[in-house]
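Trainee: Chain by chain, the residues:
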Amino acid sequence: MSELQADRSSGRVVAGAGQRRSAAGADLLIAAIGFAVLVSLPFLFSSKALVDFVIRCAAYGLFATSLNLLVGYTGLISFGHGMFFGLGAYSFGLLMQRTGLSIPAAFVLTLLISAVAGLVIGAICVRLKEIYFAFVTLAFQMLIHSVILSWQPLTGGDQGLRGGIPRPVFLGIDLGNQLHLYIASCALLVVGLLLMRQIAQSPFGYTLRMVRDNATRASFIGINVWRVKLAVFVLAGMFASVGGVIMSLFVSGAYPEFAYWTISGEGIFINMLGGVTTFIGPMVGTVLLLILNDTATRLTEHYGIILGVVILFFALGLRKGLMDFVVEWYAERRDKASTRETST
Amino acid sequence: MLQIQRISKSFGGVKATDDVSLDFADGTLTAVIGPNGAGKSTFFNLITGAFRPDQGRIMLDGVDMVGRSPPEIVRHGIGRAFQVASIFPSLTVEETMLAAVGVDQRRAEVLHRRFPLPETRERAAHTLEMLGLADKRQRRAMTLSHGDQKLLDIALALVLNPKVLLLDEPTAGMGPEERWRMIEKVHELWTREKLTLIFIEHDMDIVFKIAPLIVVLCYGRVLATGTPEQIRANPAVIDAYLGTEQHEGAA
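Going down the list, the sequences are from chains C and F. Numbering follows my numbering, in which position 65 of the first sequence is assigned residue number 65; successive positions increment by one, without gaps. Numbering follows my numbering, in which position 4 of the second sequence is assigned residue number 4; successive positions increment by one, without gaps.
These aren't lab readings, by the way, just hints derived from the structure by calculation. A virtual CB, placed ideally from N, CA and C, is assigned to each residue, including glycine. Treat the hints with caution; some may be incorrect.
[What the hints assert, rightly or not] Derived DSBU-like pairs (lysine-lysine); straight-line CA-CA distance at most 35 Å:
hint, chain 1, residue 1, chain 2, residue 2
1, F, Lys15, F, Lys163
2, C, Lys129, F, Lys163
3, F, Lys209, F, Lys163
4, F, Lys185, F, Lys163
5, C, Lys129, F, Lys194
6, F, Lys163, F, Lys194
7, C, Lys336, C, Lys320
8, F, Lys136, F, Lys185
9, F, Lys194, F, Lys15
10, F, Lys136, F, Lys209
11, F, Lys136, C, Lys320
12, C, Lys336, F, Lys15
13, F, Lys136, C, Lys129
14, C, Lys320, C, Lys129
15, C, Lys320, C, Lys48
[What the hints assert, rightly or not] Output of the computed footprint for chain C on chain F, the stretches with three or more beta carbons under 8 Å from beta carbons of chain C:
hint, region
16, 42-48
17, 104-114
18, 232-242
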């Protein structure tokens, strides 16, 4: 079930037990169909560019959707969320290069590293409000970026992790093979989205909405606002780091740009483009941005101007993201239709 | 029992609450009155942990509340509603109640189940029924009328089953008819739920009609406490707050 039904309609009915189960089942079904469609794409279209595009969508989609857990669901606008993307890429890359761990073990360790980093950084940041939160997260991102640049023996400095990332075969999966990498990326995307969807629709997800709407009131009904914000900050960081892992596998390395502030900027832009009031908005924004980016860079070296115009269109023209716009338009149309039916 | 023992609070050089001591027995209904700037809302903010007193103790059933955070104080049984309705605009009335019950049942951070939890339904429905919001349960909070938003604010406090409920001007911003409806609802709640209810109110007709006990604050100090008759006859209260018209009316 899209949030079109769950969140935006004016006459929502809270689901009963059966409806809740069916909503969860519907999510699983949509995820299964989505995964099947994605997996079938390379067999239907033998395009390497398409495979690369979907892998990048998986990396940025997870990153942007995790950012929306903060921005859309909790009202925490982070300018530094990209640090977890970079942290994921570097942690995974370094673990694979230097420890000889299996890919699943390195993946789990990367999640743990991101969680610990999220805990430490979040414990400081989530005490702050609004713009202070935004800028302190940005400061932490720049700090991590600076560490990456200056700790050359470990990170390779401005050259990034060179020499490629070893990809030992596990459970018959060879991530050195582009098709295997593609399917693994799609699986991570679908599972990641499903988990984030579950978070958004859980009691915790509604606690996030309460904190976003009115943190003071939330506190006076017994919610520990700091703990809730910290929890979502850590969770969002972990999902963002999965995006970084996919990216590091895709490019077989990790580069300082992955932890630069522009990654966070792209995350914000993706959310603006797709919309933050629907769960699927950031994913739609990701696809749009990557198409736009790929097309604009092919057409002109001044692609920044095109991207800027598009940002202005959404910010000043629609004043909302694409999915927000579509959902509102649909709700209005439905309301008009029901009014017509009532009057006849 | 809620016991306020010699609490004080200053902001800069201004003493908003000055050596206030009061006892609120279980199940009592008390109105807190006083001129603007008397420290009424500050008094509530101190009890609910929004501000920490500079000195003094706030004891609820023998447990000191001073230094505890608002969520902790809520868990000990002190709920509050605000002067300006404090709600969650994007949630529906029903979602608000279900989520609040979930918080009270310590299930606010449950991740593996879907909202709403079945065990939260009965209490949420009961509270909505009690406050006359059941037929508006599917409305988003932001679309409610001012009066219904105030009721939802009270419902939010009430659904947590507080021992002590503080209502900061429950009739603020309402027309005459709506005010009386609201105050009747408040009185009904107190009668039915047997909780300790303390409310701030400016309308003296309302105060004298429904409050068996009245506390008068002035310049952060307790000017008087007593029954409506005692308060109406108190020269210091007449002088500082009620004025002669009220006094004559009382006489």
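Trainee: None of the hints should be skipped; say for each whether it holds.
Mentor: Checked hints:
Between Lys15/F and Lys163/F, the direct Cα distance comes to roughly 29 Å. Compliance with the 35 Å bound is thereby established for this hinted pair. For a cut-off of 35 Å, the pair hint linking Lys129/C to Lys163/F stands: about 32 Å separates their Cα positions. Taking the CA atoms of Lys209/F and Lys163/F, the gap is near 23 Å; set against the 35 Å cutoff, the hint holds. As the CA atoms of Lys185/F and Lys163/F are separated by approximately 18 Å, the hinted pair is consistent with the 35 Å bound.
For the suggested pair Lys129/C and Lys194/F, the alpha carbons sit about 39 Å apart, so the restraint of at most 35 Å is broken. At most 35 Å may separate the alpha-carbon atoms for a hinted pair to count; Lys163/F and Lys194/F meet this at roughly 9 Å. A distance of roughly 22 Å separates the Cα atoms of Lys336/C and Lys320/C; the hinted pair therefore holds under the 35 Å criterion. A C-alpha spacing of about 17 Å is found between Lys136/F and Lys185/F, which places the hinted pair at or below 35 Å, so the restraint holds.
For the proposed pair Lys194/F and Lys15/F, the alpha carbon gap of about 34 Å is at most 35 Å, so the pair holds. Distance hint between Lys136/F and Lys209/F is fulfilled; the C-alpha atoms sit about 30 Å from each other, no more than 35 Å. Simply put, Lys136/F and Lys320/C have alpha-carbon atoms about 29 Å apart, close enough for the 35 Å limit, and the pair holds. Proposed proximity of Lys336/C and Lys15/F is contradicted: the alpha carbons are some 57 Å apart, above 35 Å.
Restraint check: the Cα-Cα separation between Lys136/F and Lys129/C comes to about 33 Å, which is no more than 35 Å; the hinted pair holds. Taking the CA atoms of Lys320/C and Lys129/C, the gap is about 23 Å. The hint holds against a cut of 35 Å. Among the hinted pairs, Lys320/C with Lys48/C is consistent with the structure: their alpha-carbon atoms are about 34 Å apart, no more than 35 Å. Three residues within the 8 Å Cβ limit are the bar, and the region 42-48 of chain F against chain C gives 1, so the coverage statement is violated.
Counting residues of the region 104-114 of chain F whose beta carbon lies closer than 8 Å to any beta carbon of chain C gives 9, which reaches the threshold of three, so the coverage claim holds. Residue count for the region 232-242 of chain F with a Cβ under 8 Å from a Cβ of chain C: 0. That is fewer than the three needed, and the coverage hint is violated.
Checked against the numbered hints listed earlier, the structure breaks hints 5, 12, 16 and 18; every other hint is satisfied.
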